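S.K.: Sequence:
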Amino acid sequence: MLPSSCEHGNHCRGEQAHGSLSSRGIGVILCWPSSGAGHLSGQETLVEVEQGESALQLILVSHPTDGAEDLARGLVEEGLAACVNILPGARSIYRWQGKTCDEQEVMLFIKSAIDPIERIIEIIAKRHPFECPEVIVVPVVTGLGRYLRWVEETCAGQEPL
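Read left to right, the sequence shown gives residues 530 to 690 (our numbering).
Read the hints as simulated data drawn from the structure, not as lab findings.
For clarity, every value in this text was computed on a predicted model and none was experimentally measured.
Idealized CB from N, CA, C, for every residue including glycine.
A hint or two may mislead.
Stated by the list, open to error - Here are the simulated lysine to any residue pairs, SDA-like style, with alpha carbons at most 25 Å apart: (1) Lys655 to Gly672; (2) Lys655 to Gly686; (3) Lys655 to Gln633; (4) Lys655 to Ile615; (5) Lys655 to Leu673; (6) Lys628 to Pro668; (7) Lys655 to Glu634; (8) Lys628 to Gly608; (9) Lys655 to Ala685; (10) Lys655 to Asp599; (11) Lys655 to Leu575; (12) Lys655 to Ala584; (13) Lys655 to Arg675; (14) Lys655 to Tyr676; (15) Lys655 to Ala619; (16) Lys628 to Asp599; (17) Lys628 to Ala654; (18) Lys628 to Leu587; (19) Lys628 to Ala685; (20) Lys655 to Gly608; (21) Lys628 to Val664; (22) Lys655 to Cys630; (23) Lys628 to Val667; (24) Lys655 to Ile665; (25) Lys628 to Glu607; (26) Lys655 to Tyr623; (27) Lys655 to Leu589; (28) Lys655 to Asp595; (29) Lys655 to Pro645.
To be verified - Across the chosen pairs, the derived CB separations fall in these ranges: (30) Arg602 to Phe659: 14 to 22 Å; (31) Glu660 to Gln633: 16 to 24 Å; (32) Gln633 to Leu673: 30 to 38 Å.
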């Protein structure tokens, strides 16, 4: 579970990083200054997620334009994803069955906290029109704390903040 606020209280002004590194180099909560160009607004925290502590994942899927919105909407409505970005204009050049293919597609950036992740991968593969769809899972290791909590809560069926 991700922390809901800085454990060091309201005195934190982002002058230093709080927390400690695990043996794997992750697990630090960073507090940033509350003002100034290029800084997070308010008392925001970037959270480095301890591996094995959270199921937060970014799932990358290439998909033909037709049907991509249906897949994205279904994943969100079923609570399997908190958000899906559909990025148009992807061009995929790849080898398939001895031929070089050149296709216009969209990229889906799926943010999920479903555990086990195999569940959402199976659903994507079943609904995807390709025999061998591109489905790549990237573990989330750092992000804005309140956004990461929102993803977890949304996928857990809780009302978003």
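S.K.: Quickly compare the C-alpha distance for Lys655 and Gly672 to 25 Å and report which way the hint goes.
M.R.: violated (30 Å)
S.K.: Within 25 Å, alpha carbon to alpha carbon, are Lys655 and Pro645?
M.R.: holds (17 Å)
S.K.: Between the alpha carbons of Lys628 and Pro668, is the straight-line distance 25 Å or under?
M.R.: violated (32 Å)
S.K.: Taken at face value, is the distance from the CA of Leu587 to the CA of Lys628 at most 25 Å?
M.R.: violated (30 Å)
S.K.: Below or equal to 25 Å on CA atoms is what counts here, so check Lys655 against Gly608.
M.R.: Holds, because 17 Å separates the two Cα atoms, which is no more than 25 Å.
S.K.: Regarding the pair Lys655 and Cys630, is the alpha-carbon distance no greater than 25 Å?
M.R.: holds (22 Å)
S.K.: Do the alpha carbons of Lys628 and Val667 lie within 25 Å of each other, as the hint requires?
M.R.: violated (29 Å)
S.K.: Does the alpha-carbon distance linking Lys655 and Leu589 stay inside the 25 Å limit?
M.R.: holds (16 Å)
S.K.: Compare the distance between the alpha carbons of Lys655 and Tyr676 with 25 Å, and conclude whether the hinted pair is satisfied.
M.R.: Answer violated: Lys655 to Tyr676 is near 29 Å, above 25 Å.
S.K.: With the threshold set at 25 Å, check whether the alpha-carbon distance from Lys655 to Tyr623 stays at or below it.
M.R.: holds (21 Å)
S.K.: Between Lys655 and Ala584, is the straight-line Cα distance small enough, at 25 Å or below?
M.R.: holds (22 Å)
S.K.: Decide if the proposed pair is consistent with the structure: Lys655 and Asp595, CA atoms, cutoff 25 Å inclusive.
M.R.: holds (16 Å)
Checked against the numbered hints given earlier, the structure breaks hints 1, 5, 6, 8, 11, 13, 14, 16, 18, 19, 23 and 25 and satisfies all the rest.
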